[in-house]
Amino acid sequence: MTSAPMTEDQPTVAMVTARDLFAGFLKVGIQGFGGVLPWARRMIVDERHWLSEVEFTDLLSLCQLLPGPNIVNLSVALGNRFAGPWGAIAAVTGLLAAPFCIVMSLGMLYAAYGNSEALGGVFRNLGAAAAGLVLATAWKVAKPYIRRPEAIIVAAMAFVAVVGFGWPLIYVVLALSPLSIAWVWRLAR
Amino acid sequence: MKPDVLGTLVRHFVLLSLVAIGGANAVVPEMHRIAVEVEHWMTDRQFAELFALANAAPGPNVLMVCLIGFQAAGIVGAVAATIAMCGPSCLLTYFVVRRWERSRNGRLKKIVQRGLAPITIGLIAASAFLLTRAAVHDWLGAALAAGTFALMAATKYNPLWLFGVATALGLVGIS
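Line order of the protein sequences matches chains H and L. The working numbering numbers the first residue of the first sequence as 1 and each following residue consecutively. The working numbering numbers the first residue of the second sequence as 1001 and each following residue consecutively.
Just to be clear, a hint being listed does not mean it is correct.
To be verified - Listed below are the simulated BS3-like cross-link pairs for lysine-lysine, each with C-alpha atoms no more than 25 Å apart in a straight line:
| no. | chain 1 | residue 1 | chain 2 | residue 2 |
| --- | --- | --- | --- | --- |
| 1 | L | Lys-1156 | H | Lys-27 |
| 2 | H | Lys-27 | L | Lys-1109 |
| 3 | L | Lys-1110 | H | Lys-27 |
| 4 | L | Lys-1156 | H | Lys-143 |
Calculated directly from the structure, the hints in this document are not laboratory data. Small disclaimer: the values here were computed from a predicted structure and weren't measured.
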């Protein structure tokens, strides 16, 4: 449904079963240090070619507009696209199962032993490593749009609204969506 | 465990699930209000430490809710809070996406998605900037961030092993 004439894009696989979805998202959940978005993009686009770069950003954008954690929504949307309701359930279960167990185990350890100096150091280092991943993801999602000035301008406005003015995400999305859609619509005529 | 605690948990997080536009990080202040100020399930400091834990652990950051649920009502609370936080928004997404993909107006869909994509890109760039600013304070942090960036952006290697290095360095006191 989404081949962009103005952006570079690559072909994708046709068949993805509920089992594939569970396995793929299980891996994303286990790897997903510091937030799952970079790992989800890597699995879906780079490793398994379920979606092209542009399709990934399109689907993520739709999920961003809906309430709830974006990647959880993305797993539901992707699961449904390939394998219907069972696909959606398989994907979201795969995504949450392992992290739930890991976080619960850590939570119990925390409850038993409290915080320690070493643990604080581990958190700091992991945070820095995770930041690098999100930087790389930002670069990768932006790359297909780099030759489209209107896209870069809207992206820059969203960036400044969040970083410069500290607007809540919902206002940024609600304010910029009509503007950006109207702009694309005008260009497409 | 008191059933009214479970009911309170579920009520809070079902509501939060349906207003959490912008993802889990957008509702952290509201989670803090609920868990610390309204229900007194934990102290301010416990909240901060559990938040760091949820962020450092693999998986979606929304799993902060299972730690809040655990603190409030044990394992059952953790499961209930997680389902309450993810269930309603998953169902909504499921029905909206089904309608969206069945809709035959391909041109309109394409224009809407092409319009929304740059906002998503800007938001990811913003969170990358904010995370980096919050997490990188010295040469070691910068090196770790640059390392995962380079592996992810320019190579096919899995950046996971750098997280192993980061953990190991932290455990021996280098951070």
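Consistency of the hints with the structure:
At roughly 16 Å between alpha-carbon atoms, Lys-1156/L and Lys-27/H fall within 25 Å of each other, so this suggested pair holds. Among the hinted pairs, Lys-27/H with Lys-1109/L is inconsistent with the structure: their alpha-carbon atoms are about 31 Å apart, more than 25 Å. Annotation: proposed proximity of Lys-1110/L to Lys-27/H is violated, straight-line Cα distance about 30 Å (limit 25 Å). Simply put, Lys-1156/L and Lys-143/H have alpha-carbon atoms about 17 Å apart, close enough for the 25 Å limit, and the pair holds.
Against the hints set out earlier in the document, violations occur for numbers 2, 3.
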